[in-house]
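Student: Chain residues, written in single-letter form:
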Amino acid sequence: MLTFILKRLGLAVLVAITVSFISFSLLFLSGDPAAALAGETASGEDIEAIRRLYGFDRPMLVQYGEWLFSALRGDFGESYYFKLPVASLIADRLQVTMLLGLCGILFALLTAVPLGVAAAIRPNSIIDRLALFLSVAGQAMPSFWFGLILIVVLAIQLGWLPPSGASTWRHFVMPTIVLGYYAMPAIMRLTRAGMLDVLESDFIRTARAKGAGETRVLFKHALRNAIIPVVSLAAVQMGFMLGGSIVVESVFALHGAGFLAWESIARNDLPTVQALILVFSMFYIIFTFLADVLNAWLDPRMRSA
Amino acid sequence: MTTPLLSVKNLNLTIPTGSGTLHAVRGIDFDLHRGETLSIVGESGSGKSLTSLALMGLLGKSIARSADEMRFDGIDLLAANRRVMRDLRGNRIAMIFQEPMTSLNPAYTIGDQLTETLLLHRKVSKSVARARAVELLEKVGITAAESRLSQYPHQLSGGLRQRVMIALALMCEPDLLIADEPTTALDVTIQAQILRLLVDLTREMNMAMILITHDLGVVARVADKVAVMYAGELVETGPAQEVFATPSHPYTRGLLRCIPQPGKTERGAPLGTIPGVVPSLIGEVSGCVFRTRCPHARAECRAEIPQYGTPSHGFRCVYDDGALSEEGEFA
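Chains A and B are the protein sequences, given in the same order. Residues in the first sequence are numbered consecutively from 0, following numbering that gives the first Met the number 0. Residues in the second sequence are numbered consecutively from 0, following numbering that gives the first Met the number 0.
Looking at chain A on its own, in the form it has when it is part of the complex (with noise of 0.2 Å):
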């Protein structure tokens, strides 16, 4: 198992030092950056001033390994537009995505898992039903519509919960609904994919000639073997909600990391585009890592992978 966790981490190193180069280079890839910085109306000579100053000049290796190690020292520079450190604008905004994302991940799978294990303990009963339904709908129904929506009759409405902004725990429900329904159906189905694949196994049969009951032979003997696979999906989908979602946080006006890369993108704002880019890059990495050892504690078989 130690070994396992031990290649795991050093791959996730591999991968991390990748991404890293890859964002560093798209500030080339995306043109000159000092005629970007030095504005439409400037001369050459001006452009080869800033180019000078920002020392854009130098061999690109050097830029790069000077970045990463700033980078690893918690420095990102400076934002082109909001002129402060890339590093404390990134760290105020993740805490509002932060808590949204993990408030949405853990709604998803509090509802996306006892639905899938019920549906298939009973396939097209109503409950599989009443599953697959809301399940297509979570697929077909556009978040921001859906944000809408609720805004609509919680907030105005019936007047429950605040419509936008991210002061209180309030502010944070219809969010984490409208997130986590984004990520609910997949889970879902795969759970529910997963445990009716499971129940029809030898070892189900196993245990309930052994004489455990069905609680036991659902929950110790089925669910671990059909957890497996939602274990992944779900790192990834939680790397996609830190990532921090840009409809869900412009309708209800949370302004955390997905409204921060929106802004950078659109004005040009290159070094903290970088830094979004490396750190939303590194909470993949870190939860596809995570997913990888628990995975191999769930299943013996994947320890030797």
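Please note that the accuracy of each hint is not assured.
[Stated by the list, open to error] Across the chosen pairs, the derived CB separations fall in these ranges: (1) B:G282 - A:M0: 52 to 62 Å; (2) B:T188 - A:L129: 52 to 62 Å; (3) B:T188 - A:R215: 32 to 42 Å; (4) A:S303 - B:N205: 34 to 44 Å; (5) A:M301 - B:T264: 47 to 57 Å.
[Said to hold, decoys possible] Pairs of lysine to aspartate or glutamate, DMTMM-like flavour, derived with a Cα cap of 20 Å: (6) B:K60 - A:D127; (7) B:K125 - B:D111; (8) B:K138 - B:E172; (9) A:K219 - B:D111; (10) B:K122 - B:D86; (11) B:K125 - B:E137; (12) B:K60 - A:E199; (13) B:K8 - B:E35; (14) B:K8 - B:D30; (15) B:K60 - A:D201; (16) B:K125 - B:E172; (17) B:K8 - B:D28; (18) A:K82 - A:E262; (19) A:K219 - A:D196; (20) A:K219 - A:D201; (21) B:K8 - B:D72; (22) A:K219 - B:D86; (23) B:K8 - B:E68; (24) B:K60 - A:E213; (25) B:K138 - B:D199; (26) B:K60 - A:D196.
Hints were generated in silico from the structure; no laboratory data involved. Idealized CB from N, CA, C, for every residue including glycine.
Chain A is already provided as a structure; the job is to place chain B on it using the hints.
Tutor: Same frame as chain A, now just chain B:
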């Protein structure tokens, strides 16, 4: 005569399908005493496994079970509720399955899975359960039993897994062991070992065993009684030696011709086959089910066939004298 440990009378299993009711198992009767081995023989799809699952109460929801009597040591299995069945399963009636590769849960250690059975049925500590698991692993011939407890199924070979399955079935010292083709998925050399082991263990623990197989060689070696099953019916039942010496149903004779016999079958001579296929069991099934493949079929075979022979060796065939000559059969 003592009361049998297990008594089944007129067991019927039906499965509703899109094109009508499938009469998978019809009118099965048998008795089994303590220490006896009954072998149910028949080809694939003859209803052997369904019969054993019906005894365990592990049939799928879509399969309907009815019987005049199903009694295990005084307990009416037909009337038993889920609690009663759960207390019996793994405890007094245990089962070994055909698929050793997939019958153990891949997510738990051998030790966890072995002790679970005992912990479910007896109020014992984990260490007592582990000691019992080690004892049984040794009994089924697994070396380094202690260290096997922390291994996972994928680390064991098929033969070892089937031994673990046998140990698992024996954890609570069951009165009845149902072995559903326990050696089919194994190498020939391992088959003989596992079979030997089962026979020794049933003798040692004075268990009754139902051995389900399609291998007549297996039956000849281990069974006290044989029940030959064809298309959901028992066509012939009786003491193993008697059935082998004087097979009375054409199907039993056909089966026996399919296996080579040392000394009797000439080198290079073609082995017997039974032409034709099993009839469809959807809708009303009447008369002798074997008549579509039987070389002696005649008009009476369409009517209900009563049980012939003696109470101990019975068969369902209108050639009730059992003296049918073997010449000319299955040309």
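Student: Do the alpha carbons of B:K60 and A:E199 lie within 20 Å of each other, as the hint requires?
Tutor: 13 Å, holds
Student: Given the hinted pair B:K138 and B:E172, is their alpha-carbon gap at most 20 Å?
Tutor: Satisfied, since the Cα-Cα distance of roughly 13 Å is no more than 20 Å.
Student: Is 32 to 42 Å a correct range for the gap between the Cβ atoms of B:T188 and A:R215?
Tutor: 37 Å, holds
Student: Check whether the Cα positions of B:K125 and B:E137 lie no farther apart than 20 Å.
Tutor: 18 Å, holds
Student: Is the straight-line distance between the alpha-carbon of A:K219 and that of B:D111 20 Å or less?
Tutor: 12 Å, holds
Student: With the threshold set at 20 Å, check whether the alpha-carbon distance from B:K60 to A:D196 stays at or below it.
Tutor: 17 Å, holds
Student: Between A:K219 and A:D201, does the CA-CA distance stay at or below 20 Å?
Tutor: 15 Å, holds
Student: Under the criterion that the straight-line Cα-Cα distance not exceed 20 Å, is the pair B:K125, B:E172 satisfied?
Tutor: Measuring from Cα to Cα gives roughly 17 Å; hence the hint holds.
Student: Sort out whether B:E68 lies within 20 Å of B:K8, counting only the CA atoms.
Tutor: The hint holds at about 5 Å.
Student: Taking 20 Å as the top limit, are the C-alpha atoms of B:K8 and B:D28 close enough?
Tutor: Holds - the C-alpha atoms of B:D28 and B:K8 are around 4 Å apart, at most 20 Å.
Student: Next pair to validate is A:K82 with A:E262; report whether the Cα-Cα distance is within 20 Å.
Tutor: 14 Å, holds
Student: Are B:K138 and B:D199 close enough, with their CA atoms no more than 20 Å apart?
Tutor: 10 Å, holds
Hint check: no violations occur; every hint is consistent with the structure.
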